[in-house]
Structures are given as C-alpha cells and as structure tokens.
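Q: Below, each chain spelled out in residue letters.
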Amino acid sequence: MEFFDEAVPHYRGSHTDRNALVPTHGGTVKPTARYPASVSAGLASEDRDVLLVGFDSLVDFDAPHAAAHLEAAGVPFEVRAVTVRFPGDLRADAEVTRYAKPLDTDGETTVDGRSRPVRGALAERVAAELDGEGRVGFPAILGDDRPHRVRAALEDRLDADVFEVPMGPPSLPGMRLEDALFDALDEAGVSIETGNPVVDYDGDDRIEQVSVEKHGARIPNTADQYVLATGGLVGKGVESDRKRVSEPVFGCHVPHPDDRYDWFDTEAFGDHAFARFGVETDDSLRPLNGRGSAEFENLRAAGSVLGGYDFPAEKSGSGVSIATGYAAGRRAGEAV
Amino acid sequence: MSDAEPPDGADAGSPGTDAGGEFDPVEPDTGEEFEPVDVFPDSGDFDLRPGADSCYKCSTCDTSCPVAEVDDDFPGPKFQGPEQWRLKRTDDDHEVDDSVMDCSNCMRCDNACPSGVPLSQMHNTARGQYVDDRMSTLSVEYWRNRILANYRTSAWFASKAPRVANVAMNFGPARWVMEKAMGITSEREFPAFATETFTEWWARRGGAAASREHAREARERRSEPADADKRVAYFHGCYAEYNTPEVGKALVRVYEHFGYEVVVPDQGCSGTPMFANGMLEDARRHAEVNVPSLSALAEEGCDAIASCTSCSMALRQEYPELFDIEGIDDVAAHTFESVEYLRIHEDLVSEVREAEVGDDLAAEFAYHAPCHARNQGLDRQAVELFRDLEGAAIEDVGESCSGISGTYGWKDEKYETSMAIGEEMFEHMHDADGETGMTECPTCAMQMEHGTGYEVRHPLELLEAALVD
Numbered sequence: 000m001e002f003f004d005e006a007v008p009h010y011r012g013s014h015t016d017r018n019a020l021v022p023t024h025g026g027t028v029k030p031t032a033r034y035p036a037s038v039s040a041g042l043a044s045e046d047r048d049v050l051l052v053g054f055d056s057l058v059d060f061d062a063p064h065a066a067a068h069l070e071a072a073g074v075p076f077e078v079r080a081v082t083v084r085f086p087g088d089l090r091a092d093a094e095v096t097r098y099a100k101p102l103d104t105d106g107e108t109t110v111d112g113r114s115r116p117v118r119g120a121l122a123e124r125v126a127a128e129l130d131g132e133g134r135v136g137f138p139a140i141l142g143d144d145r146p147h148r149v150r151a152a153l154e155d156r157l158d159a160d161v162f163e164v165p166m167g168p169p170s171l172p173g174m175r176l177e178d179a180l181f182d183a184l185d186e187a188g189v190s191i192e193t194g195n196p197v198v199d200y201d202g203d204d205r206i207e208q209v210s211v212e213k214h215g216a217r218i219p220n221t222a223d224q225y226v227l228a229t230g231g232l233v234g235k236g237v238e239s240d241r242k243r244v245s246e247p248v249f250g251c252h253v254p255h256p257d258d259r260y261d262w263f264d265t266e267a268f269g270d271h272a273f274a275r276f277g278v279e280t281d282d283s284l285r286p287l288n289g290r291g292s293a294e295f296e297n298l299r300a301a302g303s304v305l306g307g308y309d310f311p312a313e314k315s316g317s318g319v320s321i322a323t324g325y326a327a328g329r330r331a332g333e334a335v
Numbered sequence: 000m001s002d003a004e005p006p007d008g009a010d011a012g013s014p015g016t017d018a019g020g021e022f023d024p025v026e027p028d029t030g031e032e033f034e035p036v037d038v039f040p041d042s043g044d045f046d047l048r049p050g051a052d053s054c055y056k057c058s059t060c061d062t063s064c065p066v067a068e069v070d071d072d073f074p075g076p077k078f079q080g081p082e083q084w085r086l087k088r089t090d091d092d093h094e095v096d097d098s099v100m101d102c103s104n105c106m107r108c109d110n111a112c113p114s115g116v117p118l119s120q121m122h123n124t125a126r127g128q129y130v131d132d133r134m135s136t137l138s139v140e141y142w143r144n145r146i147l148a149n150y151r152t153s154a155w156f157a158s159k160a161p162r163v164a165n166v167a168m169n170f171g172p173a174r175w176v177m178e179k180a181m182g183i184t185s186e187r188e189f190p191a192f193a194t195e196t197f198t199e200w201w202a203r204r205g206g207a208a209a210s211r212e213h214a215r216e217a218r219e220r221r222s223e224p225a226d227a228d229k230r231v232a233y234f235h236g237c238y239a240e241y242n243t244p245e246v247g248k249a250l251v252r253v254y255e256h257f258g259y260e261v262v263v264p265d266q267g268c269s270g271t272p273m274f275a276n277g278m279l280e281d282a283r284r285h286a287e288v289n290v291p292s293l294s295a296l297a298e299e300g301c302d303a304i305a306s307c308t309s310c311s312m313a314l315r316q317e318y319p320e321l322f323d324i325e326g327i328d329d330v331a332a333h334t335f336e337s338v339e340y341l342r343i344h345e346d347l348v349s350e351v352r353e354a355e356v357g358d359d360l361a362a363e364f365a366y367h368a369p370c371h372a373r374n375q376g377l378d379r380q381a382v383e384l385f386r387d388l389e390g391a392a393i394e395d396v397g398e399s400c401s402g403i404s405g406t407y408g409w410k411d412e413k414y415e416t417s418m419a420i421g422e423e424m425f426e427h428m429h430d431a432d433g434e435t436g437m438t439e440c441p442t443c444a445m446q447m448e449h450g451t452g453y454e455v456r457h458p459l460e461l462l463e464a465a466l467v468d
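Protein sequence lines correspond, in order, to chains W and F.
Note that numbering that gives the first Met the number 0 gives residue 202 to position 203 of the first sequence, counting from 1, and the numbers run on in steps of one.
Note that numbering that gives the first Met the number 0 gives residue 5 to position 6 of the second sequence, counting from 1, and the numbers run on in steps of one.
Treat the hints loosely; a few may be bogus.
[Said to hold, decoys possible] List of simulated lysine to aspartate or glutamate pairs, EDC-like, C-alpha gap at most 20 Å:
{"no.": "1", "chain 1": "W", "residue 1": "Lys235", "chain 2": "F", "residue 2": "Glu325"}
{"no.": "2", "chain 1": "F", "residue 1": "Lys179", "chain 2": "F", "residue 2": "Glu219"}
{"no.": "3", "chain 1": "F", "residue 1": "Lys56", "chain 2": "W", "residue 2": "Asp92"}
{"no.": "4", "chain 1": "F", "residue 1": "Lys56", "chain 2": "W", "residue 2": "Asp59"}
[Unchecked claim] Simulated DEER-style distance windows between Cβ atoms:
{"no.": "5", "chain 1": "W", "residue 1": "Ala267", "chain 2": "F", "residue 2": "Val288", "range": "37 to 45 Å"}
{"no.": "6", "chain 1": "F", "residue 1": "Val139", "chain 2": "W", "residue 2": "Lys29", "range": "51 to 59 Å"}
{"no.": "7", "chain 1": "W", "residue 1": "Asp201", "chain 2": "F", "residue 2": "Arg220", "range": "28 to 36 Å"}
{"no.": "8", "chain 1": "W", "residue 1": "Gly202", "chain 2": "F", "residue 2": "Thr89", "range": "13 to 21 Å"}
What the hints contain is simulated information worked out from the structure, not anything from laboratory work.
Note that beta-carbon positions come from the ideal geometry of N, C-alpha and C, so glycine has one too.
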C-alpha cells in the first residue's frame with residue numbers, strides 16, 4: 000500500500016491497519032482501508048453530529064433516506080438531513096460533472112435574479128439550515144479539478160468541516176483517482192496509449208508481439224513482458240457463449256463447468272459460479288493452461304480477469320486490483 | 000430478427016434436467032419451426048440495434064461530455080444515442096429532439112464507452128435525420144450551417160484573392176452583418192488565407208516526380224534499398240491547403256527525410272464539418288471523390304496519411320459508419336495520422352532523441368490533445384515524442400476539450416458554450432511554462448489562439464525543425 004499512497008497523495012488511511020468506516024449515499028457504512036481526503040471528515044467512527052445536504056434536482060442522493068439509514072445502523076452521533084436547491088437551479092438528471100464544473104471555477108450563477116459566485120451562494124443556503132453540527136456532508140460533486148479548494152471555501156463560510164458522501168458510478172472521486180494514477184504514470188515517464196483494443200498476438204510459449212486494432216488496421220506493438228488487465232465478465236475481459244467461457248485476447252484457459260446450467264445458482268443472491276470466472280495463475284500471476292503450466296512465460300494477469308473470487312459479494316474489487324496489479328507489475332519488472 | 004441464434008440441434012436435449020431438480024425451465028423452443036424474420040427490411044441503413052443493445056446505461060459517456068458539463072439543457076450522449084434510437088424504433092412519429100444540434104461531435108463518448116456502443120454514429124445519423132426532416136431549407140440557420148460546413152467552397156473562392164479575402168473577412172461592418180444576418184459570431188477572427196495554397200506550392204516544386212527524387216536521395220543517404228516500397232498519399236484536407244500550407248510542407252519534407260515518396264491524390268473535404276452539421280449528403284458527395292482516389296492507391300500499397308486528426312478520424316471511422324461506398328473499408332484500414340504512421344514504420348523516437356532544435360521552434364510548448372486524436376489513441380503521442388527532444392520542452396495542458404469543435408464555436412448561439420468549455424484549457428495553458436501552443440487540430444489551434452493569444456504550431460513543424468536540414 001505504500002506504493003499506492005505515494006502515487007495518490009490525496010488518499011487517507013495509511014496511519015492505521017484498521018479499516019475506516021465510510022458512510023455511503025445509501026446510508027450504509029462501508030469499511031475501507033483507504034479513502035479520499037474529501038470523505039475523511041465524515042467517518043462514522045467519530046462522534047460529532049452530522050448535517051447531510053441533498054439537492055432536490057440530484058436524485059442519486061436522498062439525504063433524509065441516507066440519514067435514516069445511518070441512524071438505523073446505530074452511528075454514535077446525531078444525523079440530520081436537509082434538501083436544498085442547488086444555486087442556479089440545474090435540470091433534474093443533470094450530470095455530476097455539471098455540478099462540479101461551476102464549483103471548480105466558482106462561476107457566476109443567478110440566484111433570485113442576482114448574479115453571484117456559486118460557492119458563496121451554496122454556503123449561504125446551507126448555513127441557514129445548520130444547527131450547530133460540526134460537520135456537513137454533501138453528495139460527491141464538490142469539484143472535479145479542484146475539490147480541495149471547493150471544500151475549503153465551503154468550510155470557511157460554514158465554520159464546519161465539509162465532507163463528501165461517495166455515490167455510485169460514474170463517480171467523481173473515482174474520476175479524480177483515475178486522474179491521479181495517470182499523473183503518477185506520466186511523472187514516472189511511462190508511455191501510455193489508450194482507446195483501441197489489443198485483438199491478437201504472435202508467439203507460442205512466449206508472446207512476441209500484440210496487435211492493436213484501429214479501424215480495421217492491425218498495429219503491432221512489442222514488449223518484453225505483458226500484463227493482462229482487461230476486466231471480468233462485465234468488463235469483457237472474460238467472455239462466454241452458450242457453450243464455453245473464454246479469455247478473448249490470448250485465449251487463456253478459464254476453468255468452468257461443462258454444463259452451463261451449473262454456471263449459476265437459482266437464488267438471485269446465491270452462490271454463483273460465474274461470479275468467480277476468470278483465469279487461474281501460478282505464484283507469479285501467470286495464467287495457467289488447463290494442465291497446470293503457464294500459458295506464456297511473459298504474460299501476467301491482474302484485477303477482475305482473475306478467477307476464484309466474487310468481488311461484489313466479498314467487496315474485494317479494489318483490494319484485489321491494487322494487490323495483484325502491484326504484484327504483477329513488480330514480477331514483470333523483475334523479469335525484464 | 001437477423002441476429003438471432005440459429006437453431007442448434009446439439010444443444011436441445013441437455014439443459015434444464017440437471018440432478019439438483021430445483022431448476023427445471025421449459026426447454027427453449029429452438030425447434031424446426033423457427034424461421035428467421037427480417038424485422039427491419041432492407042433499407043440500406045446501417046443496423047444500429049446491436050449497438051443500442053450493448054448500452055448498459057452506466058452513464059460514463061455522459062460524464063465525458065464537454066457540453067453536458069456546462070449546459071444542463073443538453074441531455075447528454077446516452078440520450079442522443081441509444082435512448083433516442085429506441086424511441087425512434089417504437090414510435091413512428093417520434094421526432095429527433097432538436098438538442099442533437101447542441102452536440103459538438105467531439106466524439107469523446109465513443110472513447111468513454113466501456114461497452115463499444117457506436118455513440119457518434121448514432122448522433123451523426125440522428126443529426127442527419129433531424130436536418131432532413133425538421134430543418135427548413137429556407138431557414139437562415141440551415142444556410143449558415145451549410146456555408147460553415149462547406150468551408151472548402153468558401154476557402155476556394157478566398158484563395159483566388161487571399162489578400163483581399165483576409166481584409167474583407169475581418170472587416171468590422173461586414174462581420175456585424177454576418178452576425179446579425181447569419182448568426183456567425185463576430186467575436187472570432189477569421190483565419191488568414193495563405194497567399195500560395197499547398198497544392199500550388201506542390202506543383203511549383205515539381206509534384207510527385209520531385210518527391211520521388213528527394214525520397215531516392217534520402218534512402219541512399221540512409222543506406223536503405225534504392226527500390227524500397229516507401230510511398231504515401233497525403234490527405235492535406237482544407238486547412239493545410241488554404242490556411243496553413245506550412246504544415247503540409249513540413250509533412251512533405253519530414254516524409255522525404257525518411258525516404259518516402261509523397262503523392263497528393265485527388266481529394267475533397269473529409270466531411271468532418273458536414274457530419275457535425277448533419278449535412279450528410281454534402282459529405283457523401285466529397286466521400287465519393289475521396290474513397291475511389293484513396294482506395295486505388297491503397298490497393299497499390301500506398302497508405303494515406305493526414306496531418307489533421309479530424310480528417311484521419313473521418314476517413315477511418317465515420318466513413319465506414321455512415322456510407323456504403325466500394326473500397327471504403329480499405330480506405331479506413333489504410334489511413335493513418337502522419338506522426339502515428341512514422342512511429343509505426345520508423346524508429347522515430349531514437350531519431351528525435353538524437354536531434355536538437357534551434358531558432359524560433361526552440362520553445363516550450365503548451366500542448367493540447369484534440370478530442371479526435373484521443374479516439375485514435377494519439378493523445379499522448381506528441382508529449383511522449385518531444386519530451387526527449389533537446390532544445391524544446393512540451394507540457395500537456397490536460398484532458399479538457401478546447402470547446403470549438405470545428406464550426407460549433409463559430410455559431411453565435413454556441414459561442415458562449417464553446418468558450419465555457421474552453422476555459423479549463425485556457426487556464427492550464429496559462430499555468431504551463433511555455434507561451435507557444437501546440438496541437439494537431441486546426442480548429443483547436445484557432446480556439447487556443449483566441450483564448451490565450453499564443454501562437455500555435457503543429458507537431459510536424461517541430462519534427463521538421465528537428466530532423467530536416
């Protein structure tokens with residue numbers, strides 16, 4: 000995790016080995032080892048009272064609902080909720096980026112016929128509702144480019160700590176994390192090419208080159224070592240038809256029952272085999288063929304393309320991705 | 000349905016009878032009576048259904064949309080694409096929503112989609128239909144859009160008397176009239192027309208014969224086989240032809256330096272501004288010139304290269320998505336962006352690493368990656384290539400959109416949206432060390448210049464300065 004903490008300095012949690020308890024938009028409390036600085040004032044392990052602020056046009060976050068759930072979960076503080084209008088009255092169903100953008104730039108917005116900067120206008124609406132709570136939670140739309148400044152400006156005017164309540168995808172905290180990871184790669188002098196899929200490879204025991212498909216052209220790319228991180232069934236790194244389950248780029252073996260009626264359980268939340276579909280690997284994270292040896296000597300796998308774990312049920316998605324991404328990258332680096 | 004599974008005898012007996020006994024679904028009817036029915040009879044249109052079905056509504060496209068970020072009246076690409084397509088299918092009277100004209104055709108949504116939904120193809124199709132069905136051919140907006148979309152025509156006239164055109168096009172009272180009568184914003188300055196077009200220069204220099212000679216000499220100098228098959232077709236597009244021939248000249252010299260013979264085939268507009276304005280028939284007329292010309296060369300092993308990332312985007316992606324012209328898939332597969340092509344076929348990185356630049360190009364560049372470069376996987380290319388070049392420095396100004404999107408930012412009613420989108424890029428350009436801009440896209444360059452006052456150069460110009468004596 001040290002490596003992650005260095006690359007993403009705006010994440011917190013490294014001071015302890017224990018999980019932090021982060022309230023989410025549904026009012027559940029999620030245990031997590033690392034969390035964005037923007038949510039840290041909202042941790043459920045603290046006992047300061049909380050005011051949750053929702054916006055009537057932002058249907059993904061219902062503040063009274065989240066507050067009721069948190070109370071029911073037995074959090075050690077009072078939670079109150081208010082719903083206000085976002086200054087400038089955005090359309091219902093506007094994108095989260097539409098909220099973040101004016102907060103980033105502190106753009107002018109029209110409130111009651113007067114033009115004024117949006118951060119101040121928002122703080123004013125919330126201040127009128129504040130009743131001595133030491134911390135105020137907003138849905139995670141407080142800026143994309145400059146979340147720190149947005150929070151600081153609101154805290155200053157509200158005289159209370161401000162935090163974000165993480166929401167489902169597409170999530171701004173997720174987009175900020177992505178930006179931070181790409182920045183770290185850039186700083187390390189890494190070459191990056193995105194946007195077009197690898198569709199084929201050359202080589203037998205060893206991958207010599209891979210082909211990137213661009214609009215019908217096949218463009219060869221070579222490297223000493225390769226890491227497969229193409230995602231699972233939803234991300235299309237693992238595919239299935241009526242007969243079999245496969246890994247489409249390198250044709251790596253994906254263990255699965257022959258009878259497709261054994262791929263799932265009859266209960267919606269039952270023990271589904273398909274949720275664990277993915278490649279099996281050796282100790283060096285190299286995908287194995289059906290006979291127990293590595294498919295290729297220079298291919299490793301990381302993240303959801305790996306089999307044997309059910310990340311939605313285990314809530315282990317980010318953890319497995321970080322751990323196996325690190326291990327696969329290190330092993331590949333050592334082999335160069 | 001045309002894409003239904005064919006009846007499969009081998010599968011019919013096994014499922015549904017497993018030992019657990021809890022789950023015993025009725026055997027699916029895949030029997031002999033199955034007759035495939037073509038629900039959508041031959042119409043010549045492209046079948047967008049599989050694309051619409053692939054959308055699982057994650058909304059990632061909506062958060063990548065630069066217009067939705069500044070204008071909440073714009074319902075975003077997910078609505079414009081798969082959702083509106085479905086409405087059109089189930090309701091014959093459904094009229095394409097006029098918000099489709101607010102889409103700037105930056106095509107970022109294509110790149111954002113994790114599920115391969117052809118969003119821009121859906122937008123282009125819907126926009127074409129909107130213009131056909133709902134926009135009056137007598138309206139000022141129609142003719143304004145048509146004139147903007149057919150920039151090549153205006154530029155051709157202007158190139159006949161470039162000096163007069165340059166004065167006239169930026170003459171205050173004339174611009175006032177254009178804004179009031181046509182809705183073309185008077186905030187922007189029209190780009191200057193070159194006094195000699197690229198092709199005039201090319202002919203004066205001796206055309207393909209001269210290029211063949213230069214390439215042969217270069218191969219000799221580089222100890223490459225004299226008969227090496229190195230020939231490329233340059234798709235210069237309208238902007239390098241009429242406005243920035245220096246980019247075209249740089250391309251020719253850089254390619255000849257690597258021993259390539261350049262040919263300049265018959266060509267029209269790539270169609271980019273026409274797609275963005277829903278003028279699909281105009282775009283088709285030009286495609287019917289470009290496709291035969293480029294596919295004949297491709298058949299001889301001569302790939303096409305473009306210096307404008309929107310031109311290469313159109314030929315590679317929009318052509319096969321929108322038109323059915325013989326050879327169009329070959330053209331798509333054999334078209335490349337000019338620096339990309341050299342990265343694939345030459346050891347460009349090593350040559351640049353050993354080179355040095357002086358004079359006016361020894362600068363620090365604030366680089367902006369055009370949206371259309373992003374979709375071709377080229378957004379990092381210039382930064383990664385030039386970061387090792389001695390005498391120059393380059394800094395990426397971030398992933399935001401410039402906001403002009405070709406003709407979009409020229410429309411009076413879109414000007415403010417365009418500048419609001421561009422604001423982030425302007426700020427990042429000011430924060431960057433350099434005071435010279437760099438981008439591949441001519442209209443992004445206009446916006447960069449307009450928002451910061453910086454001079455903006457093309458990567459090919461820097462390559463020329465670094466590599467060509």
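Q: Is the gap between the beta carbons of Ala267/W and Val288/F within 37 to 45 Å?
A: 57 Å, violated
Q: The hint says 51 to 59 Å between Val139/F and Lys29/W; measuring C-beta to C-beta, is that right?
A: Holds: the Cβ-Cβ distance is about 56 Å, inside 51 to 59 Å.
Q: Are Asp201/W and Arg220/F spaced within 28 to 36 Å by their CB atoms?
A: 33 Å, holds
Q: Can you confirm whether the C-alpha distance between Lys56/F and Asp92/W stays at or below 20 Å?
A: 14 Å, holds
Q: Can you confirm whether the C-alpha distance between Lys179/F and Glu219/F stays at or below 20 Å?
A: Roughly 60 Å separates the two Cα atoms, so the pair is violated.
Q: Regarding the pair Lys56/F and Asp59/W, is the alpha-carbon distance no greater than 20 Å?
A: Between Lys56/F and Asp59/W the Cα gap is close to 14 Å, so the pair holds against 20 Å.
Q: Hint says 13 to 21 Å; check whether the CB-CB distance for Gly202/W and Thr89/F agrees.
A: 49 Å, violated
Q: Has the given pair, Lys235/W with Glu325/F, been kept, meaning a C-alpha gap of at most 20 Å?
A: 32 Å, violated
Against the hints set out earlier in the document, violations occur for numbers 1, 2, 5 and 8.
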